[in-house]
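Trainee: Below are the chains, spelled out letter by letter.
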Amino acid sequence: MVLATVFESGLSMEYYLILSSILFVIGVVGVLTRKNAIILLMCVELMLNAVNLLLVAFSNYHGKADAQIFVFFIMVVAAAEATVGLSILVLMYRNARSVDIGLFNKLKG
Amino acid sequence: MKIEQLVPLILLLPLLGGLINGVLGKKLPKKVVGSLATAVMFIAFGIALNVFFQLHDSVRIDLFTIIRLDSFSLNARFLVDDLSIWMTLIVTGIGSLIHLFSMGYMSHDEGYYKFFTYLNLFIFAMLILILGSNYFMLFFGWEGVGICSYLLIGFHYSDEKKGLLNSIAARKAFVMNRIGDLGLLIGLFLILSTFGTLEYNEVAAKLTELSPSNWMLFGITICLFIGATGKSAQIPLFTWLPDAMAGPTPVSALIHAATMVTAGIFLVVRSNFLFETPGAQLTQDIMLYIGLATSLVAAFIAMRQNDIKKVLAYSTVSQLGFIFVALGMGAYTAAIFHVTTHAFFKALLFLGSGSVIHAMSDEQDIRQMGGLKKFIPITHLTFLIGTLAISGFPLLSGFFSKDEILAHALHHNAFIYGALAFSALLTAIYMFRLYFVVFHGEFRGSDHVKSHLHESPLNMTFPLIVLAVLSVVGGALNIPGSHWFSHFLNHNVTGLDKVAELHVDNSSLITLMVTASVLTIVALIGAYSSYVMKKQLPVSDDKITGWAKLSANKLYFDEIYDVLFVKPIELISKLSHQLIEVLFLNNVVLGVAKSIGRTGDLVKKIQTGRTEWYLLWMVFGIIGLVVYYLVKI
Amino acid sequence: MSTANDYLPILIQAGVAIGFVVLVLVVTHVLGPKLNSKKKDANFECGIESKGDARFPVSVRYFLTAILFVLFDVEVIFFYPYAVNFSDLKLEGLLAVIMFVAFFLVGFFYVLKKGALEWEK
Amino acid sequence: MDALIVIFLSGLISLFIAFAKKPVLVLLTSTVGLLIAIALFIAQWNNPVTLFSYEGLEFTNTALLYSIAASIFALFSILIGYNSYKKQPEHTGEYIGLLMFSLVGAVCMLAFTDMFMFFLGLEILSLPIYVLAGTNKKDLRSSEASLKYFLMGAFATGVLLFGIAWTYGATGTFKIQEIGDFIYNNQNTGIAHSSILYVGVLLIMASFLFKVGAAPFHFWSPDVYEGSPNEVTGFMAAVVKLGAFGAFMKIFGIAFPDLHAFWAPALVIVALITIFLGNLSALNQIHFKRLLAYSSITHVGYALLAVLTLSSNSIENLWIYLFGYGFSIIALVAIAKLLNDDEDKISAFKGLAKRNPFLATVAVLALLSLAGVPPLIGFFGKYLVFADAFTQYPLIVIIALANSGIGIYYYLKTVINIFQKEEIEESKIEVPAIHIVVLSICAIAILVGGLVLSQYKLL
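Protein chains in written order, with our numbering: chain A, 1 to 109; chain B, 1 to 633; chain C, 1 to 121; chain D, 1 to 459.
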């Protein structure tokens, strides 16, 4: 049956690449389309996670662990980034009473 | 101490004096200022002598690199060989005497400290010009002396009577020199582009291996020569020198007679290896004939000048022409020899005239003078010696140096010899005229002036005496038979050793000398008879006619230049203003500028200030890169 | 080597579970009686008239705490690799981790001194 | 490595000392720390042995050179920022500490040997700056700048990581040296030219272009420069550029030199767009810091030529270029701060020559150096970079020269402003002692730096 074949053949590299690429693109599109800064932040996180997936897949493919360590680092940095980002957003919210990036265009020209 | 330390010291001293006087001079008493400036000069001279005696081979002294880029580098480097040290001796020696003289001469001037500052700075610049080991240093000094001379010609710019004239004269000198400098600068660029260096010795070395085209060599040399004509007052750029007499007399003596005006000659002698190349033959001829013309024209003009300093100025121009003739014939040592003696007696004459003017309470018109010999005996005596020396009276310095040039001329071709001899005769005539009119006959000035007539103080007469002695014995330097000076210069100056030295046989030597002496004595007698016996006097300008009028009006050179250059240039500038600026620039160039500005505004529009757009642009960028990649493979 | 058969029961079980949940939800919705009235739909605050919006702005302190939590929480993942093979890493690894924690505490102290965790202020 | 630790610790200490409400102490700690660090860097010149070391960080002379420059500029930014921060003592520590941490990141970015340290360095460099940009809490513009910078920075980070991941997938290592060897060894086989690797390279390049602020990834820089406090702007322009360019040089010089044929043309296009965009946008600016931002974009365009050339000298040339640039930019932002004009218009410079000759002199020097007037240091940087690039890319160099011609226009516009006399007679500006010191050092460096540096071959 269909299900069987999928599980039989074990997932080959391409799937991971495609999946992570799709995730990444979703993240990018989200960044481009959404106006709410918090959601932008989430989309960026999504991009990072796509990278994580890719890295893990590659490290499995190369049979090396270093990429997985790298993933740890990415996670931590992502957390730090999220922290900074959220605090900036709070600051922004206090000043502008909104987190809609469409409103922030005092600086231009 | 070794030469390496001494030479920078020579340069440092005048600079130091100049700086101290320039900064503190206003506060210090005149005595201190003057004696400081003079002291540094004498010390520098002493050091120069010391170097002169311990110098054997040419020495290079590296101070520092001004700019080093991988393509080329400009060095603050000095080249001490016999030529440069000799010039240094002249500059510092005569310089210090003239400083001493100025202490007395300028004593009543309020710009005292400024004067000595400029003077010291001039010496500094001149020494850089002489001692530099490359054309860059030479150019640096060249401009430096230019500025100092400009400042000193216009020194009395605030004078209520002649202030305006002074500043105009200064400006004229400045402009004329710029024209020359342009030529020099182009020459330097040509040298740099051809040889890739500005160091004298490297250029000389590369000359053989690169063997540039004759045209290039001609271009380089002619440009250098144009520079020389500017600084050394040759046709067509000589008219500034007589006007430069507006400056204080010591300045005329130092800058416009003894040292600065010989810079052009120095330049040519320095670059002799360039001028000796086949390509430069044409330049040499041009140099020769221009020198000849200058010396004749100037001598002719000098015949009927009534301003004591103007006469001397024109005689300077004529002597310089004389020297350029020598250079044109490749007689470099003869040229430097004459430069030396000329420095002696011309400085002497100028200082003498200064002393006269001082005694006459600033009256310069010789028609107001006369019979001064009993009022100012020392000045009279020294002035007489100077006159004899310059007019080539036998056994005085001028006699030998001129004679050598004449010998070369005879060897070169008879016509030049004749012309030179004629100009020498003219020189003798107008110099004796000047001498007799000023010192003989009875006094023609106002009684007021007469009451003030007085011999100058010692610190003014002393230099006169020293210079007089030098003018007498100076000829011994290169006396025929020994030719010490020629060998001295030839033994370590780049290129000069290759130049064939001319040795005339005794018979022709005798003839030469005899003719010269005869001419001089004829002139002497002629002048004596006309100006002392017949009491003939230079008449006021409006009465004179014919040749005399021509001469008195300086052959109308200024007027001719005015018609030939000034007027057309004014016209052109008017036109160009109308056409180029108003029509072309305003529309085209400004149009371009405007359009650029507009694009600027357009580009600024992209900066919307909206983050989402920025992100979009980034993504576009990435997509662009990916597309590039897809195209690439 | 696992074959499809080993996975099958799991699938079935999952299917059953999901199916049941959905079924119950749907059925109750269908069978239940519907009596709507304005009074009934109005949200009931123990007898008091409700006013204002339910989504009132949250104090920044919540954010702050949450943010700090995220920060300190995520760092824990560094303990996993250590936990997995701390026996091989021996003393060196221990020291490393101690250093890591020490820096952490420094940060924590800073937060405390800044008073970021004081609720009332 | 020791120096790195010193910087980090002094940053940490200054954070805590700030609680003492004595800004001077903080300043002292950080300054001393930085000076020690610089001393250590210098001591490490040509001798790799140090107390602490880590394989991930290798302090070659190049790294040291860049690190020293970065530390100097960081010190300057701290000094010029000090006066504005001592007003609220509780923030001094944060400001200085964050700057120091950011410097740590920069140094990591200059000394890394593998992608771990590179990535960490980049983040450690960036995160504090996101915060610093927003230090004027009450000022909406400042917060906006910080938010914009953060959002786009985070995005760029994602892109960078994606690129790194692809590269890793293609080469199977994070060590840049090994990546380079891998590509070198498989040049002729398909492996070195797999699309995976190419995409990775391009993505990494994109994120670099963002960090240095090259078109079309430059949009953040004008807004962020304008919005953030001046000293932070100075830090961004001087130190971040040093770090980013250093890493750029390193990765593309060590890991991807054999793909030069592939990535160079793209970079050429980017450089050209950048130069033109920066220049044209700068022409009609009225805000001074925006002008600086656009001019910095143009300068990035010029500096990219050095990355393109990748000759034996280009690293040093680039260093001299950025070094000179840093001095000018820091001096200028400091002066702009002293003028304290709220909209920081260029017209605020009017009559500066009267109001404070010292400031005027330094400003003119800095501007002329940016314009590349000899013999100022800016000229030497430009000359070296252009001369180096000329053999490979004559056309682009000529275009760049033409553009620096345009550039002179807007620099001179400011200079003219300085010498114009202002309409409303304003009071003299009093300059704090610290500023006098920093500005004089900058002026001297601008004046003689080029002449001195051009005498030696550093690397």
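I should point out that these hints are in silico values taken from the structure, not numbers from a laboratory.
Check before you lean on any hint, since a few could be wrong.
In silico SDA-like pairs for lysine to any residue, Cα to Cα no more than 20 Å straight-line [said to hold, decoys possible]:
{"id": "1", "chain 1": "A", "residue 1": "Lys64", "chain 2": "D", "residue 2": "Lys413"}
{"id": "2", "chain 1": "B", "residue 1": "Lys2", "chain 2": "B", "residue 2": "His108"}
{"id": "3", "chain 1": "D", "residue 1": "Lys86", "chain 2": "D", "residue 2": "Lys137"}
{"id": "4", "chain 1": "A", "residue 1": "Lys106", "chain 2": "D", "residue 2": "Glu343"}
{"id": "5", "chain 1": "A", "residue 1": "Lys106", "chain 2": "D", "residue 2": "Gln177"}
{"id": "6", "chain 1": "D", "residue 1": "Lys22", "chain 2": "D", "residue 2": "Thr60"}
{"id": "7", "chain 1": "B", "residue 1": "Lys632", "chain 2": "D", "residue 2": "Lys22"}
{"id": "8", "chain 1": "D", "residue 1": "Lys413", "chain 2": "B", "residue 2": "Leu165"}
{"id": "9", "chain 1": "A", "residue 1": "Lys106", "chain 2": "B", "residue 2": "Val603"}
{"id": "10", "chain 1": "B", "residue 1": "Lys114", "chain 2": "B", "residue 2": "Asp159"}
{"id": "11", "chain 1": "B", "residue 1": "Lys30", "chain 2": "B", "residue 2": "His108"}
{"id": "12", "chain 1": "D", "residue 1": "Lys22", "chain 2": "C", "residue 2": "Tyr110"}
Now the stretches of chain B that chain A is said to cover, found in silico as 3 or more residues with beta-carbon under 8 Å [unchecked claim]:
{"id": "13", "stretch": "603 to 609"}
{"id": "14", "stretch": "615 to 626"}
Incomplete in silico selection of chain A near chain C, CB under 7 Å [unchecked claim]:
{"id": "15", "residue": "Met42"}
{"id": "16", "residue": "Leu46"}
{"id": "17", "residue": "Asn49"}
{"id": "18", "residue": "Phe72"}
Since the structure is predicted, the reported quantities are computational estimates derived from the model, not experimental observations.
Every residue gets a Cβ at the ideal spot worked out from N, C-alpha and C, and that includes glycine.
Trainee: All hints are to be evaluated individually against the structure, with a verdict given for each.
Mentor: Results of checking the hints against the structure:
| no. | hint | verdict |
| --- | --- | --- |
| 1 | A:Lys64 with D:Lys413 | 59 Å, violated |
| 2 | B:Lys2 with B:His108 | 42 Å, violated |
| 3 | D:Lys86 with D:Lys137 | 15 Å, holds |
| 4 | A:Lys106 with D:Glu343 | 12 Å, holds |
| 5 | A:Lys106 with D:Gln177 | 45 Å, violated |
| 6 | D:Lys22 with D:Thr60 | 38 Å, violated |
| 7 | B:Lys632 with D:Lys22 | 60 Å, violated |
| 8 | D:Lys413 with B:Leu165 | 39 Å, violated |
| 9 | A:Lys106 with B:Val603 | 18 Å, holds |
| 10 | B:Lys114 with B:Asp159 | 15 Å, holds |
| 11 | B:Lys30 with B:His108 | 10 Å, holds |
| 12 | D:Lys22 with C:Tyr110 | 17 Å, holds |
| 13 | 603 to 609 | holds (count 4) |
| 14 | 615 to 626 | holds (count 3) |
| 15 | Met42 | 13 Å, violated |
| 16 | Leu46 | 16 Å, violated |
| 17 | Asn49 | 13 Å, violated |
| 18 | Phe72 | 6 Å, holds |
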